[in-house]
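Chemist: Listed below are the residues making up each chain.
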Amino acid sequence: MRALRQVLKDWEAVIGLEIHTELTACDTKMFCGCRISHDDAPNTNVCPVCLGMPGALPVPNVEAIRCIVMAGLATNCTIQRRSMFYRKHYFYPDMAKNYQTTQGPVAFCMHGHLDLRVAGEAALERPDDTAQKADDGSYLARIGILRIHMEEDAAKMVHVGGAEGRIGGATESLIDYNRCGTPLIELVTQPDLRTPEEARLFMEGLRQTWLALGISDCSLEQGSMRCDGNVSLRRRGEVCMGAKTELKNLNSFKALHDALAYEICRQAEVLESGGTVRQETRHWEPTRRRTTVMRVKETNDDYRFFPDPDLAPFDLSDEFVEECRARIPELPDAKRERYQRQWSVPTYDADRIAGDPALARLFEAAVARAGVAAAPMVANVVINLVPGHERLNEAQVASIAQLLAQDAVTFAQAREVLDVVDGTDDDPERVVDERGMRQSTDADALDAIVREVLARSEDQVRQYCEGNRKVLGYLVGQCMRAAGGSGNPKAFNRLLSERLETLQ
Amino acid sequence: MPATLDQLSARQIAAGVASGAFSAVEVAQAALDAIAERDADTQAFLQVSEDLALAAAARVDALRAAGRALPPLAGVPVAFKDNMNLLGTRTTCASHMLERYESPFTATCVQRLLDAGATPLGKLNMDEFAFGSTTDSSAFHPTNNPWGLALVPGGSSGGSAAAVAAGEVTLALGSDTGGSIRQPASLCGVVGMKPTYGVVSRYGVVAFGSSLDQVGPLGRRVEDVALALNALVAGGRDPRDSTSQACEQDFIAHLDDPIEGRHVGIIPSLLEAPGLSAEVRVAMRLAAERLEAQGAHIVEVSLPNMASAIAAYYVIAPCEAFSNLARFDGVRYGYQEPGCATLAKQTSLSRARGFDQEAKRRQMLGAYLLSSGVYEQYYLPAQKVRTLITADYQRAFERVDAILMPTSPTVAWEHGAISDPAALYLADVFTISSNIAGNCAISVPVCLGSESGLPIGAQLQGPSFADARLLTFARALERSCSMEGLVAPGFAGRGGELA
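Chains A and B supply the protein sequences, listed in that same order.
According to our numbering, the stretch in the first sequence is residues 1 to 504, in order.
According to our numbering, the stretch in the second sequence is residues 1001 to 1499, in order.
Think of the hints as simulated: they come from the structure by calculation, not from any bench.
Even for Gly, the Cβ is constructed at its ideal location relative to N, Cα and C.
Please note that the accuracy of each hint is not assured.
[Claimed, not checked] Covered stretches of chain B (chain A as the covering partner; in silico rule of three or more C-beta atoms under 8 Å from a C-beta of chain A): (1) 1057-1066; (2) 1073-1080; (3) 1089-1102; (4) 1182-1191; (5) 1205-1214.
[Said to hold, decoys possible] Looking from chain A toward chain B, a few residues come up when the C-beta cut is under 7 Å (computed): (6) Val59; (7) Phe91; (8) Asp302.
Generate the whole structure from the sequences, applying the supplied hints.
Modeler: See the structure below:
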């Protein structure tokens, strides 16, 4: 098979995503009072309603509706003031009623979009002449969102004794209804994505948005956020869509990207050898790094959709929508922008922090203490030192960032100090002083050491002047030894370089 | 001379228990005695819940012994259509599918009668899953009309109507999707009310057509029915049924208000309907005269789209039935075909053997009507018809307070006399439109047919959420018809003596 970037020079990939997210932030299921939990013993969070016992009736969870409205507002959707629940019928025991309560033609949220900035390596998948790229190769892509609708999740089934855990050939099938009825939102994109990287960035951006809204834990591994991809190819410049395949088991960002990349190359090979792409559902096998056929769709399933007569149409008031809007916090894009513009945080760091609500909270609280000037260093600490020290508070983060900014400790020392204070209320500065770790920043004292070391290192000085810059490291080490470990290596490095340059 | 239970109204029983004239346990035993004596003939009951009845009665007696005020239906014997969950009983829907299904909880309507102090005597026969108007489609046995054991009691709440008409219980609950309370009430000579959709909670009642189903009481007196309705709405709307609504709370206070100067509508063309028997037509004229004699103005009105109601109903009801009954697959509960090698086989054989003919016919009809391409041609137009019929009622009720019409085109017929399902469907012509529009309706016995000697009910329909006013008209009719409290002739006084 040809490489992806080569294939995309000849073919345009048309990609759409369907993304399901469990609203794990809701205390209870969509239509009953049962608790939502991934961890409880099977069939313990169940009641007559979610088990579909005869006579039980659904009552909609208003908190879940609030969540989907917030999701719609955050993704620029129109919030439909009147929408209804529908019943989607299929006979399978993972749905206790043999129908799923979902939405019909009018979902709570319609016609939104999310903007992607595609930069660096990710931008290379898109041929230059198919996007308006900036000088650094980056480009913006607006991805349309067709709809976001509300539905209930199915139960979990485990098939024992069959091949690949499927029901065919299984000797026994187990059902856990704990998940059945969990509020689920399904977002369907327009077929606006053109590369696997764009798909990955969309999914990442959406996950960051949902996390910022606090509507879900968005765990791809646990399945609280799940993505199916649809992809078809057409010759560059063509308008008609080709036959598409649907990809399942995309349970990581990498799987999403790699499965789409594989599928694009596979379809290109089929088409280039004169074949036709079959409309089918394919399963991504991460270990063998390929997709295989799950089932061929010959006819469209008839789900016999009709409005659920147990649930009155939903009329959302202006007050309700405004209340939801007021609950939307600053979203990752705005945060990233603010960190970069106002606090001079480097792009990569701003991206990482803005996309993670917990990191962002810690970061902003620490900046409030350490001061805006220290923000880039606080960002550095939050990204590089906080992982592994998850119990640090904002005062400790601010303190260590200030010590680093003053060159009073090295990064290695900072890590040591954090090992000590993590999970306590201790001030890192006190630990540094107690242990005599503070690096001298007294310029005269350091300069004296530098002069002394250079005086006894004639060989190395000569080598440096001849162009061997590597000896600088040796000289820094000598200075550190002479200082008894209390000097700052960065300061020695700077002083040594300055002096050596004048010697040349 | 000792009284028999069937002579007493619900209010008299509750008052007797409260005053100590008799205990609730004595009433329960009298009811059990009456059932033992009479039910062999009617076969109205599917289960008699003796233990639950005696325990509930004992609780009422304990309340009285403790000097506490007694609830309004203290000790009143009631029974429930077998599509209503009651913890401690099976809820079979008269189907093999649920033959051994134990209720895991209690329906709101049942619980509210229990909270009002009523004594639960058991579960009553019905057409399988409420599909029918004879009770002959019960998977277990037919029920006989107390006015003639060879006759059907009507349906689908035939067990409820027969048990009340034979004096086995004072009150029963039924459910009405297209006339299933009113038609058997008419055929058995009792009062049966379908309240406005949303007045009574559907939680715990096995659904047939969710947008049409409404629970209501059957009794031998309008006052008994009004007391039951009071209990059914006590506590306000049920948060577990999102289609239930807050409504008026007192159906007794205005029961005996005069109807003088009020307007009652009649629809002359309905009395010319083919299939309407002569004696029913006579009974309707009689009913109109009785209301007029009390000062009501009889006004001609029309419901121009009423003829389309049956067509709309036989689209909407099967669609909802198909969907509601999809859950019966034998996986979690209900009949499970043994020894199936695959899930698909187990599902289809469990359904094939668990459901009887009429239940299958309606579900297959619904599955077809909901399929893509067909849905647009039937379901959507049926919903439009629904809007038109609702508008017809609104226009009519601008001019009148109630509309008088027959409940059933004929008196009760013999078991098996009508075998064509379409002919049975057409007999629902007078009752279906108020399920389609959701407004309230009640059937009140007017007289015995001049030829058949069998009871004939008149139907009064009122605007949505004017249930109390509808009961005022029903009471006015009852007052002038001398059928109040009537027990079917062969049954009155058989067992059920109160010491």
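Chemist: Determine for every hint whether it applies to the structure shown.
Modeler: Hints, one by one, checked against the model:
1. 1057-1066: It is violated: at least three residues are needed, and the segment 1057-1066 of chain B offers just 0 whose Cβ sits closer than 8 Å to chain A.
2. 1073-1080: Since 0 is below three, the answer is violated.
3. 1089-1102: holds (count 4)
4. 1182-1191: violated (count 0)
5. 1205-1214: With 6 residues closer than 8 Å to chain A, the segment 1205-1214 of chain B meets the three-residue bar; holds.
6. Val59: holds (5 Å)
7. Phe91: Hint holds; phenylalanine 91 of chain A Cβ to chain B Cβ min 6 Å, cut 7 Å.
8. Asp302: Cβ of aspartate 302 of chain A sits 5 Å from chain B, so the hint holds.
This entry does not satisfy hints 1, 2 and 4, going by the numbered hints stated previously.
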